[in-house]
Amino acid sequence: MIKIVKRDQPSKAIFFFTPILAIFLTLIAGGIIFYILGFKPFEALKFFFIVPIADKYGFSELLLKATPLCLIAIGLSFCFKSNNWNIGAEGQLTFGAIVSGGVALLFYDQEGFYILPIVILAGAIGGMIYASIPAILKTYFNTNEILVSLMLVYVSKLILDYLVVGPWSNPEGFNFPETRQFSDSARLPLLFEGLRIHAGIFLALAAVVISWFVFYKTYLGFQMKVSGFSLKTAKYAGYKGKKMIILVFLISGACAGLAGVGEITGPIGQLHREVSPDYGFTAIIVAFLGRLHPVGIIFASLVVAITYLGAETAQIFMQIPKYTGQVFQGMILFFLLASDYLLFFKFKFIGTKK
Amino acid sequence: MIVDINFVGLIIASIMASAVPLILASCGELITERSGVLNLGVEGMMIIGAISGFALMTVTGSLIIAVFGAMLAGVLISTIFAFLTQTLITNHVATGLALTIFGIGISAMIGKNFVGIPGKEFPVLFEGLKDTIPLLSPILFGHSIVFYFAFALPFITSYFLKKTKIGLIVRAVGDSPESASNQGVNVRLVRYACILYGGAMSGLAGAYLSMIYTPQWIENMTGGRGWIALALVVFSTWNPIKILIGAMIFGGLTIIQFHMQAIGVRIPVQFLTALPYIVTIIVLVVISRDSRKIRLSTPSSLGKSFYKDN
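Going down the list, the protein sequences come from chains A and B.
In terms of this note's numbering, the first sequence opens at residue 1 and continues consecutively.
In terms of this note's numbering, the second sequence opens at residue 1 and continues consecutively.
Don't read these hints as lab results, they were simulated from the structure.
Bear in mind the structure is a predicted one, so any value in this text is a computation, not a measurement.
One or more hints might be untrue.
Footprint (simulated), chain A over chain B, 3 or more residues, beta carbon under 8 angstroms [stated by the list, open to error]:
#, stretch
1, 108-118
2, 145-158
3, 223-232
List time: in silico BS3-like cross-link candidates among lysine-lysine, alpha-carbon distance up to 30 angstroms [what the hints assert, rightly or not]:
#, chain 1, residue 1, chain 2, residue 2
4, A, K225, B, K308
5, A, K6, B, K308
6, A, K225, B, K304
7, B, K304, A, K243
8, A, K81, B, K112
9, B, K293, A, K12
10, B, K112, A, K46
11, A, K6, A, K81
12, A, K240, B, K293
13, A, K232, B, K308
14, B, K304, A, K240
15, B, K304, A, K346
Glycine included, C-beta positions come from ideal geometry on N, C-alpha and C.
With the sequences and hints as input, model every part of the structure.
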């Protein structure tokens with residue numbers, strides 16, 4: 001007989017094993033879905049997960065997509081660790097892109113080494129401003145941060161739409177919904193000839209290192225951990241709860257804003273209607289899949305980035321809608337949450353002794 | 001200026017029509033939340049309902065099968081959420097988000113073959129009475145059955161929660177699962193039922209959108225209505241009657257936006273479109289500022305997992 005028993009302590013080994021289990025289960029479920037749709041499961045999975053990254057160009061595209069995911073997820077892990085549900089990173093990304101794009105447009109006909117740092121800084125500040133709205137409303141007006149941060153996503157996309165169609169649209173652009181091209185000095189340099197991967201990846205890596213340091217080596221990291229476990233304990237210990245809420249929101253806003261900078265100053269070099277294919281939402285999954293751990297998030301961002309590429313390849317070669325990527329992303333999170341059951345419970349085999 | 005009184009009636013009726021999906025989804029979510037479960041997957045369940053209703057209508061040709069099929073689809077997808085949060089004790093917020101992401105993806109996948117197909121006419125009731133009473137006729141008559149159901153639902157929901165024994169049990173489970181459990185109530189079963197009911201209502205809300213309100217399938221056609229429905233539940237302080245008021249305000253904002261454009265008000269269209277979202281935030285701030293009031297009306301165990309060792 002098998003009995004389910006609660007573990008005395010969550011198992012550490014399983015903590016890092018379940019994400020792998022979740023990916024595995026997602027592949028199986030994905031194969032089944034492909035089969036139902038009338039495709040050969042193995043071939044479809046190959047097109048989805050292997051073909052896109054089989055060459056140099058594909059690998060560069062993978063890193064290109066993983067960069068914003070990693071950056072945003074690192075920021076979100078500050079929020080999630082401390083029990084703050086910022087789910088509006090997509091809005092913070094968009095607003096960061098708007099502010100940095102606006103600054104880049106000011107310098108559109110100038111060159112100079114000082115331009116890029118200003119543009120990057122502007123993006124981070126833009127993201128922070130936007131993230132501060134749910135943070136301040138949560139701390140001082142007791143307002144639900146989930147709903148506020150989400151509503152602001154819609155608002156930011158409409159602001160962007162207004163700007164690129166209206167006041168910021170390229171005067172020589174034949175009314176296309178896009179701005180002027182930024183000057184070369186406002187662009188993140190490309191790393192390799194012929195590939196689209198750009199210097200934004202260093203921003204993501206820097207975020208990984210800094211977050212690791214903050215989480216595990218500073219008092220702030222400790223405070224966040226305690227508040228994540230129990231807000232009561234945190235209060236009892238005398239932590240400044242309000243300050244911390246605002247701080248973690250600002251950090252995650254800055255990261256999302258930087259991701260926005262990467263999107264517009266990288267390969268594209270201008271503002272247009274769709275700066276992000278929902279990176280801000282997908283990064284939530286990345287954060288969880290990476291176990292809110294900086295190194296875990298690197299791996300998770302690579303795995304989830306494949307679903308973007310795979311969806312594109314599958315659309316081209318098999319006429320599978322590109323939304324399949326989202327289906328996979330949803331499933332990964334489902335399976336991950338489900339396999340967390342193993343963290344807290346174990347199956348105990350009870351002998352048939354009589 | 002002479003205002004045609006029937007025109008006023010028509011505007012009110014159109015506000016009510018745009019409030020219908022919000023009322024349905026909010027009332028469903030309200031029951032779910034009253035049992036202590038926070039399901040952020042409303043948007044996902046709604047879009048699944050929308051595509052299921054539209055697809056079933058196109059394939060079977062039967063409106064009844066389509067409407068009930070959409071509700072069933074909502075139930076099925078919410079079963080995933082129920083199983084995860086209740087049986088596997090997962091985090092409500094994360095699971096709900098996964099449900100929304102998954103729902104949007106699956107709906108687009110199914111909907112691929114239904115883009116651009118025209119919808120069917122949905123029968124309306126009391127059409128003969130449309131010109132009888134000035135002002136009131138367009139408001140009262142000539143709507144679909146789902147419309148009438150939606151406006152009755154807040155009252156039914158209120159009666160259910162206040163006056164029936166099952167309603168009392170739902171509230172008890174939401175406010176104190178421990179004591180309810182000690183009284184012999186199967187907390188998990190009640191919560192399962194409330195989640196599935198919420199799924200059915202979101203499914204119906206989606207079907208209303210794709211079959212009656214704008215009879216066609218467009219990817220992502222719920223456009224954040226599921227999230228506004230969630231906000232409405234907070235707005236209502238978990239009181240179904242107030243959902244009615246909130247939904248009318250948001251319906252009004254949507255409709256005003258069209259009319260302002262029509263009469264040529266020189267405000268960028270994007271700002272008008274953003275209005276419902278901005279107003280939602282403002283309303284949430286005003287409602288939530290009084291933290292004592294919110295604490296008193298929020299189901300005490302909302303969003304917290306309940307695990308009973310047996």
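Here's how the hints hold up against the structure:
Residues of the stretch 108-118 of chain B lying with their CB closer than 8 angstroms to a CB of chain A number 3, which satisfies the three-residue condition for coverage. Evaluation of the coverage hint for the stretch 145-158 of chain B: breached, as 0 residues show C-beta separations to chain A shorter than 8 angstroms, against a requirement of three. Counting residues of the stretch 223-232 of chain B whose beta-carbon sits less than 8 angstroms from any beta-carbon of chain A gives 4, enough to reach three: the coverage restraint holds. Between K225(A) and K308(B) the CA atoms are separated by roughly 26 angstroms; this keeps the pair inside 30 angstroms, and the hint holds.
Straight-line distance between C-alpha atoms of K6(A) and K308(B) comes to about 10 angstroms, which keeps the hinted pair within the 30 angstroms bound. Annotation: proposed proximity of K225(A) to K304(B) holds, straight-line Cα distance about 19 angstroms (limit 30 angstroms). This hinted pair checks out: K304(B) and K243(A) have alpha carbons roughly 25 angstroms apart, not beyond 30 angstroms. Using a Cα cut-off of 30 angstroms, the hinted pair K81(A) and K112(B) is violated, with the two alpha carbons roughly 38 angstroms apart.
Taking the CA atoms of K293(B) and K12(A), the gap is about 41 angstroms. The hint is violated against a cut of 30 angstroms. Among the hinted pairs, K112(B) with K46(A) is consistent with the structure: their alpha-carbon atoms are about 22 angstroms apart, no more than 30 angstroms. Taking the CA atoms of K6(A) and K81(A), the gap is about 23 angstroms. The hint holds against a cut of 30 angstroms. A threshold of 30 angstroms between alpha carbons decides the hint, and for K240(A) with K293(B) the separation of about 24 angstroms falls inside it, so the pair holds.
Simply put, K232(A) and K308(B) have alpha-carbon atoms about 23 angstroms apart, close enough for the 30 angstroms limit, and the pair holds. The hinted pair formed by K304(B) and K240(A) meets the criterion: a straight-line CA distance of about 24 angstroms does not exceed 30 angstroms. In summary, the hint linking K304(B) to K346(A) is supported, as the alpha carbons are separated by about 22 angstroms, within the 30 angstroms threshold.
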